[in-house]
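J.: Take the sequences, apply the hints, and build the full model.
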Amino acid sequence: MKGHSHILFSFFVFFLPGLVIGQYNHTVEDSVESTIREVYVYKNRFDLVHAVEQLQHAVKISDTLKRKRSPYLFDCYTLFIQLYLDFDRSEDLQVYEFLSESNLRPNPDIIKEARFLSLKALKAARNENYSKAARLIEEAKALVVSENQTERNRVYYYEAQIFLEQKKYKQAIALLQEVYPLQDNYEQKYINAGILLDLASACQKLKASDRAVSYMEKATVMLQDADFPKLELRKNLLWTDILLALGKKAEAETYMTQARQFKEKYFNAYAIEQRSDVAYQNTSNFKDRVIKQYRTDAGKLARQVNIAKMISIFSSILVIVIFILTMSLYRNNKIKLKTNNLLVKKNKELQTAKEEAEKALQVKARFLSTVSHELRTPLYAVTGLTHLLLEENPKESQKEYLNSLKFSGEYLLNFINDILQVNKSEANQLKVKRVPFNMEQMLVKVVRSLEHSAKENNNTISLNLDRNIPAKLIGDSLKLSQVFINLIGNALKFTESGEVMVRGNILKKTTDNITIRFEVQDNGMGIESETLPLIFDSFAQGSTQINRKYGGTGLGLTIVKNLLNLMGSDIKVESSPGKGSTFTFDLSLTTTGEIEISGEAVPAVEEELTEEEIVFENIHVLLVEDNKINQVVTKKMLAKKNITSEVANDGYEAIEMAKNNTYDLILMDIHMPGISGIVATEEIRKFNKKVPIVALTAISLEENMDALYNAGCNDIITKPFKPQVFYKKIRNCLDRFKRQNS
Numbered sequence: 001m002k003g004h005s006h007i008l009f010s011f012f013v014f015f016l017p018g019l020v021i022g023q024y025n026h027t028v029e030d031s032v033e034s035t036i037r038e039v040y041v042y043k044n045r046f047d048l049v050h051a052v053e054q055l056q057h058a059v060k061i062s063d064t065l066k067r068k069r070s071p072y073l074f075d076c077y078t079l080f081i082q083l084y085l086d087f088d089r090s091e092d093l094q095v096y097e098f099l100s101e102s103n104l105r106p107n108p109d110i111i112k113e114a115r116f117l118s119l120k121a122l123k124a125a126r127n128e129n130y131s132k133a134a135r136l137i138e139e140a141k142a143l144v145v146s147e148n149q150t151e152r153n154r155v156y157y158y159e160a161q162i163f164l165e166q167k168k169y170k171q172a173i174a175l176l177q178e179v180y181p182l183q184d185n186y187e188q189k190y191i192n193a194g195i196l197l198d199l200a201s202a203c204q205k206l207k208a209s210d211r212a213v214s215y216m217e218k219a220t221v222m223l224q225d226a227d228f229p230k231l232e233l234r235k236n237l238l239w240t241d242i243l244l245a246l247g248k249k250a251e252a253e254t255y256m257t258q259a260r261q262f263k264e265k266y267f268n269a270y271a272i273e274q275r276s277d278v279a280y281q282n283t284s285n286f287k288d289r290v291i292k293q294y295r296t297d298a299g300k301l302a303r304q305v306n307i308a309k310m311i312s313i314f315s316s317i318l319v320i321v322i323f324i325l326t327m328s329l330y331r332n333n334k335i336k337l338k339t340n341n342l343l344v345k346k347n348k349e350l351q352t353a354k355e356e357a358e359k360a361l362q363v364k365a366r367f368l369s370t371v372s373h374e375l376r377t378p379l380y381a382v383t384g385l386t387h388l389l390l391e392e393n394p395k396e397s398q399k400e401y402l403n404s405l406k407f408s409g410e411y412l413l414n415f416i417n418d419i420l421q422v423n424k425s426e427a428n429q430l431k432v433k434r435v436p437f438n439m440e441q442m443l444v445k446v447v448r449s450l451e452h453s454a455k456e457n458n459n460t461i462s463l464n465l466d467r468n469i470p471a472k473l474i475g476d477s478l479k480l481s482q483v484f485i486n487l488i489g490n491a492l493k494f495t496e497s498g499e500v501m502v503r504g505n506i507l508k509k510t511t512d513n514i515t516i517r518f519e520v521q522d523n524g525m526g527i528e529s530e531t532l533p534l535i536f537d538s539f540a541q542g543s544t545q546i547n548r549k550y551g552g553t554g555l556g557l558t559i560v561k562n563l564l565n566l567m568g569s570d571i572k573v574e575s576s577p578g579k580g581s582t583f584t585f586d587l588s589l590t591t592t593g594e595i596e597i598s599g600e601a602v603p604a605v606e607e608e609l610t611e612e613e614i615v616f617e618n619i620h621v622l623l624v625e626d627n628k629i630n631q632v633v634t635k636k637m638l639a640k641k642n643i644t645s646e647v648a649n650d651g652y653e654a655i656e657m658a659k660n661n662t663y664d665l666i667l668m669d670i671h672m673p674g675i676s677g678i679v680a681t682e683e684i685r686k687f688n689k690k691v692p693i694v695a696l697t698a699i700s701l702e703e704n705m706d707a708l709y710n711a712g713c714n715d716i717i718t719k720p721f722k723p724q725v726f727y728k729k730i731r732n733c734l735d736r737f738k739r740q741n742s
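Mapping of the sequence shown onto UniProt numbering: position 185 corresponds to residue 185, and the numbering continues sequentially without gaps.
Worth double-checking, as some hints may not be accurate.
[As the list claims (entries may be wrong)] No more than 30 Å apart at the CA atoms, straight line, and that leaves these computed lysine-lysine pairs for DSBU-like:
{"hint": "1", "residue 1": "Lys690", "residue 2": "Lys628"}
{"hint": "2", "residue 1": "Lys359", "residue 2": "Lys263"}
{"hint": "3", "residue 1": "Lys348", "residue 2": "Lys205"}
{"hint": "4", "residue 1": "Lys455", "residue 2": "Lys508"}
{"hint": "5", "residue 1": "Lys561", "residue 2": "Lys579"}
{"hint": "6", "residue 1": "Lys205", "residue 2": "Lys445"}
{"hint": "7", "residue 1": "Lys338", "residue 2": "Lys167"}
{"hint": "8", "residue 1": "Lys207", "residue 2": "Lys348"}
{"hint": "9", "residue 1": "Lys263", "residue 2": "Lys334"}
{"hint": "10", "residue 1": "Lys445", "residue 2": "Lys472"}
{"hint": "11", "residue 1": "Lys455", "residue 2": "Lys359"}
Hints are computed from structural coordinates only; laboratory data are not their basis.
T.: Next up, the structure:
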């Protein structure tokens with residue numbers, strides 16, 4: 001019995017206190033866990049005040065754990081870092097970084113260290129220290145290489161955020177798609193909604209509006225009934241930008257209004273100042289912990305090396321550092337508050353200016369579109385009737401007037417095209433295509449297309465290309481053709497009984513890329529030195545006398561400069577009066593890589609067949625055209641090639657005639673009263689998907705062409721057109737139809 005008493009006594013003395021402490025620690029850990037969850041709730045509600053209060057409470061609870069150093073303290077301090085990064089207060093993070101590292105050393109944990117390094121990497125990226133950010137994120141990735149996919153994805157998520165800071169949108173999209181949906185114990189819905197918004201934003205930056213809309217729709221569904229103000233603001237701003245880019249102004253204004261309401265509620269000057277005060281006060285409160293931690297570490301160091309003076313020196317340094325840090329934080333907060341107030345004001349002004357600029361651009365685009373259509377429609381009648389009259393063997397005295405009329409019509413058309421080209425360039429509507437092409441073949445076609453112009457002034461054109469230029473290059477051959485047409489055409493205009501030389505020599509060549517220097521040289525009249533800086537300006541031709549003598553719009557060289565800038569090049573000119581001019585530019589092209597399938601019409605520089613070489617047999621066409629004069633012109637042009645035709649005066653009539661009759665081809669005018677040619681084409685395609693449909697349009701802006709192809713048109717002819725182009729388009733369309741159905 002006595003032995004049993006000793007055993008019971010030993011149990012109570014040695015084991016019971018441990019059991020009590022273990023039970024106490026378990027209860028405290030549950031309380032910390034619950035408090036941290038509340039912190040995430042407030043953080044996601046964009047409530048820094050209550051988030052900080054709860055996080056301070058979690059730190060106090062963690063301090064009561066009966067351990068050497070609570071691992072929950074590390075979680076709390078890293079959560080402070082995450083919290084302040086989320087609220088864009090990276091200047092307040094030094095204290096929490098120190099406390100996090102101090103609490104990680106006694107309790108090493110690979111996963112926690114990886115998260116800490118990821119947060120530090122994101123902070124470095126926010127401060128534009130991208131090399132440091134890359135080094136830290138690589139260290140984090142190395143730590144979790146053997147961990148589960150969830151922990152690896154968390155590091156990849158931060159790497160994606162760093163790519164977004166660097167505007168490396170393609171790399172960011174790849175990583176975000178890989179980690180989505182991201183697993184998280186505290187804020188899974190918030191993080192994944194943010195990922196969808198990041199994907200949408202990155203796609204929008206890359207002009208991939210369809211993908212951006214898809215991600216935005218998913219994010220919008222996820223954010224329904226969610227109290228995430230910051231994400232809601234991002235959502236509304238992103239929808240505004242995307243819808244404006246898609247031309248849906250009314251829908252965009254709805255989201256802009258919602259965004260403005262969120263800004264006024266959560267991002268007003270008072271809210272910004274309140275969050276700044278809370279962050280500053282909280283950072284000041286935790287400085288005592290920094291001091292305490294430094295003193296603890298200093299005491300350990302002193303005991304290890306047994307040097308008493310180290311404590312005094314270290315404390316003095318610490319006081320100085322803390323004083324400097326305090327003053328720095330105080331000054332930074334004052335500056336930040338003033339800056340925030342200024343930014344709020346400037347943001348409103350910028351938003352107003354942006355809206356006004358967008359309205360002006362829309363008005364300008366509508367004006368040019370309307371002017372283009374209204375001028376091209378009568379021009380079609382003028383040039384078409386002139387061509388028909390010239391074909392009917394007029395008198396010699398009449399030929400002179402008809403040729404003058406034809407020249408004037410073509411001149412006016414070129415003028416309209418030049419203005420539209422400059423406008424598209426200034427409005428950033430032009431994009432560089434990546435399609436394979438043969439440089440020599442392209443230049444030969446350009447030269448051939450200008451041979452008639454050369455003969456008018458008794459000029460010759462010579463082409464000298466480096467034989468080592470690869471047969472296959474990848475680039476935008478259409479825009480490059482426009483560059484050479486304008487440069488060579490300009491040289492021919494100002495040269496008489498002379499020579500225009502086109503040269504291309506390799507400057508640099510690698511496995512995948514080649515840089516070629518092009519020169520277009522003439523021995524014409526040359527340019528005065530004081531005029532040289534102005535020749536690339538719009539409508540500049542040197543002088544009024546030159547303009548009257550040689551004609552032209554003065555836009556050719558402006559178009560050349562804009563196109564070359566778009567392709568990453570620049571043009572230089574050397575000239576002497578009476579000796580001629582030399583235009584030079586260097587162009588880098590790839591020889592391998594991804595290419596794009598272009599839906600654009602065939603470039604005008606292609607070698608064209610003559611009218612006599614294009615023959616038709618037993619072809620019956622439906623002509624859809626509301627303009628009576630255009631009906632007469634087009635029917636006569638068709639009849640000249642023995643093509644029979646019927647006329648539909650509007651879209652409704654065209655649909656009925658296409659249902660009740662069989663046609664080899666439909667020529668569809670686009671702008672008509674009632675329903676447009678696009679709608680009529682879509683309706684015809686519902687019951688007849690085979691008949692070739694060629695759009696006849698007086699609009700030449702590229703953005704309208706996608707709509708025509710999407711509606712079901714097989715090809716597009718822009719009015720007014722040359723007869724051989726008209727016949728060739730019809731011939732090609734019929735040939736393709738025949739091949740597809742043979």
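J.: Work down the list of hints and note, for each, if the structure agrees.
T.: How the hints compare with the structure:
For a cut-off of 30 Å, the pair hint linking Lys690 to Lys628 stands: about 28 Å separates their Cα positions. Between Lys359 and Lys263, the direct Cα distance comes to roughly 23 Å. Compliance with the 30 Å bound is thereby established for this hinted pair. Taken as a hint, the Lys348 and Lys205 pair is honoured in the structure, with Cα atoms around 23 Å apart against an allowance of 30 Å. As the CA atoms of Lys455 and Lys508 are separated by approximately 36 Å, the hinted pair breaks the 30 Å bound.
Restraint check for Lys561 and Lys579: satisfied, since their Cα atoms lie roughly 23 Å apart, inside the 30 Å limit. A distance of roughly 37 Å separates the Cα atoms of Lys205 and Lys445; the hinted pair therefore is violated under the 30 Å criterion. Under the criterion of a C-alpha separation no larger than 30 Å, the hint pairing Lys338 with Lys167 is consistent with the structure, at around 28 Å. This hinted pair checks out: Lys207 and Lys348 have alpha carbons roughly 26 Å apart, not beyond 30 Å.
At most 30 Å may separate the alpha-carbon atoms for a hinted pair to count; Lys263 and Lys334 meet this at roughly 22 Å. Distance hint between Lys445 and Lys472 is fulfilled; the C-alpha atoms sit about 16 Å from each other, no more than 30 Å. Between Lys455 and Lys359, the direct Cα distance comes to roughly 47 Å. Violation of the 30 Å bound is thereby established for this hinted pair.
Checked against the numbered hints given earlier, this structure breaks hints 4, 6 and 11; the rest are met.
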